[in-house]
Amino acid sequence: MAHIDLKNEQPGIRGPMAYSPETAKPLNELAEILLRNENNSLTRGERELIGTYVSYLNDCFFCQNVHGAMAGYYMSCDIQEIDAIKRDFTSADLSEKMKALLTIAASVQKGGKFVTAGQIQEAKNKGALDKEIHDTVLIAAAFCLFNRYVDGLGTAAPADHEFYTNRAPMRAADGYIGSVK
Amino acid sequence: MAYINVPEGVPGIRSLVMFRPETGKHLYALAQVLLRGESPLTEAEREIIATYVSNRNNCVFCTQSHAAAARNLLGADSQIMDDVLNDIPNEGVSDKLKALLTIAGKVQILGKEVQQEDIDAARLAGANDRDLHDTVLIAATFSMFNRYVDGLGSLTPQDPGEYIEMGKRLAEKGYATPPIVPAT
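If you're matching them up, the sequences are chains A and B in order.
Letter 96 of the first sequence, counting from 1, is numbered 96 in my numbering, and no numbers are missing.
Here my numbering runs 181 ahead of the position in the second sequence, where the first position is 1.
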């Protein structure tokens with residue numbers, strides 16, 4: 001049971017988004033451009049993985065499962081591999097650039113001031129562009145919003161992992177803007 | 182100096198939005214609808230919640246700019262903003278706002294920190310579903326803005342006068358997306 005009467009039965013963030021379509025619009029448009037827009041040198045899978053990892057650090061069950069399933073779909077790996085990356089990305093089969101960006105995302109999750117000049121330099125040394133660093137910080141910050149919105153209102157999340165993996169191909173095809181009916 | 186190549190001399194989130202207007206326009210649209218759109222909370226109350234969360238996140242730019250906006254909106258009662266920041270009792274702060282600030286403070290830590298008893302206490306003080314929704318989303322949104330501003334090391338003006346101007350503009354004109362100019 002959510003903390004407020006959302007007047008709908010939709011799971012996770014879609015509940016408060018349907019309750020408040022005026023605020024859902026910019027939130028979904030932000031998600032669309034950050035995570036799905038093709039004009040980006042980070043792949044959709046890499047961007048979803050950043051969102052998944054921050055949601056995992058924030059212990060948000062709904063978000064880490066939705067976006068973990070999305071990352072797995074784009075990266076053609078199963079949910080066990082995504083779970084292994086969440087637990088320890090440093091020993092995962094990821095590019096050095098991606099590891100440096102996940103390090104920055106983990107600092108953002110703690111607080112903006114936890115990001116260090118050394119972490120930024122390391123990402124640049126591994127080939128990260130300014131726009132990629134920008135998007136990493138904003139994706140991590142945006143998930144600090146989404147996770148708090150979902151859990152701060154006590155929204156309901158399906159416990160079954162298949163619910164998330166089954167939906168991922170549809171969300172990948174349709175995008176975020178029309179996700180709330 | 183910011184960590185990435187943003188326009189020089191432009192403070193805080195404005196510089197980041199000018200660097201990447203495609204994401205920036207949605208951030209400003211969110212701030213506008215959340216802080217100036219329809220809500221049972223007054224514009225001043227919403228700015229107070231935003232400032233309270235930004236201060237707890239140690240984001241000087243967001244704290245100072247939104248405190249200045251709140252002082253403008255509060256007019257003769259502007260001391261309320263300072264007393265909330267300094268945790269000094271002020272009878273101008275309603276029981277409802279006090280209860281909502283408690284919830285905002287928990288959201289700032291993490292969503293799961295919000296307990297049923299916090300919700301019950303806010304309802305007892307007169308908060309309705311919409312008050313609660315808007316409070317949680319404002320606190321969550323500033324948990325994003327604060328991280329964005331500090332995570333990229335954007336410029337934080339040291340001159341208090343700059344924030345007075347910003348506060349006036351935010352109170353009078355709201356959140357209009359900054360002009361798009363290419364980074365130099």
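Hints listed in this document are in silico derivations from the structure and should not be mistaken for laboratory results.
Take the hints with a grain of salt, since some may be wrong.
[Said to hold, decoys possible] In silico lysine-lysine, DSSO-like type, Cα no more than 30 Å apart, as pairs:
#, chain 1, residue 1, chain 2, residue 2
1, B, 287, A, 110
2, A, 7, B, 349
3, A, 110, A, 124
4, A, 110, B, 293
5, B, 293, A, 7
6, B, 349, B, 277
7, A, 113, B, 349
8, A, 86, B, 287
9, A, 124, A, 25
10, A, 7, B, 277
Notebook entry, point to check: If you draw a straight line from the CA of residue 293 (chain B) to the CA of residue 7 (chain A), is it 30 Å or shorter?
Noted result: holds, 21 Å
Item checked: Straight-line alpha-carbon gap residue 113 (chain A) to residue 349 (chain B), limit 30 Å -> Distance of about 27 Å is within 30 Å: holds.
Checklist line | Restraint status (C-alpha distance of residue 349 (chain B) to residue 277 (chain B) at most 30 Å) | finding: holds, 26 Å
Next item on the list: Take the C-alpha atoms of residue 110 (chain A) and residue 124 (chain A), compute the straight-line distance between them, and say whether it is at most 30 Å.
Entry: holds, 21 Å
Item checked: Straight-line alpha-carbon gap residue 110 (chain A) to residue 293 (chain B), limit 30 Å -> holds, 16 Å
Next item on the list: Take a quick look at whether residue 7 (chain A) and residue 349 (chain B) sit within 30 Å of each other, Cα to Cα.
Entry: Roughly 38 Å separates the two Cα atoms, so the pair is violated.
Next item on the list: With a cut-off of 30 Å on the C-alpha distance, tell me whether residue 86 (chain A) and residue 287 (chain B) pass.
Entry: Answer holds: residue 86 (chain A) to residue 287 (chain B) is near 25 Å, not above 30 Å.
Item checked: Given pair status - residue 110 (chain A), residue 287 (chain B), alpha carbons within 30 Å -> Distance of about 15 Å is within 30 Å: holds.
Next item on the list: Mind checking the alpha carbons of residue 124 (chain A) and residue 25 (chain A) for me, to see if they're no more than 30 Å apart?
Entry: violated, 33 Å
Check: CA of residue 7 (chain A) to CA of residue 277 (chain B), is that 30 Å or under?
Finding: OK: residue 7 (chain A) and residue 277 (chain B) at ~23 Å, within 30 Å.
In the structure shown, a violation is registered for the earlier hints numbered 2, 9, in ascending order.
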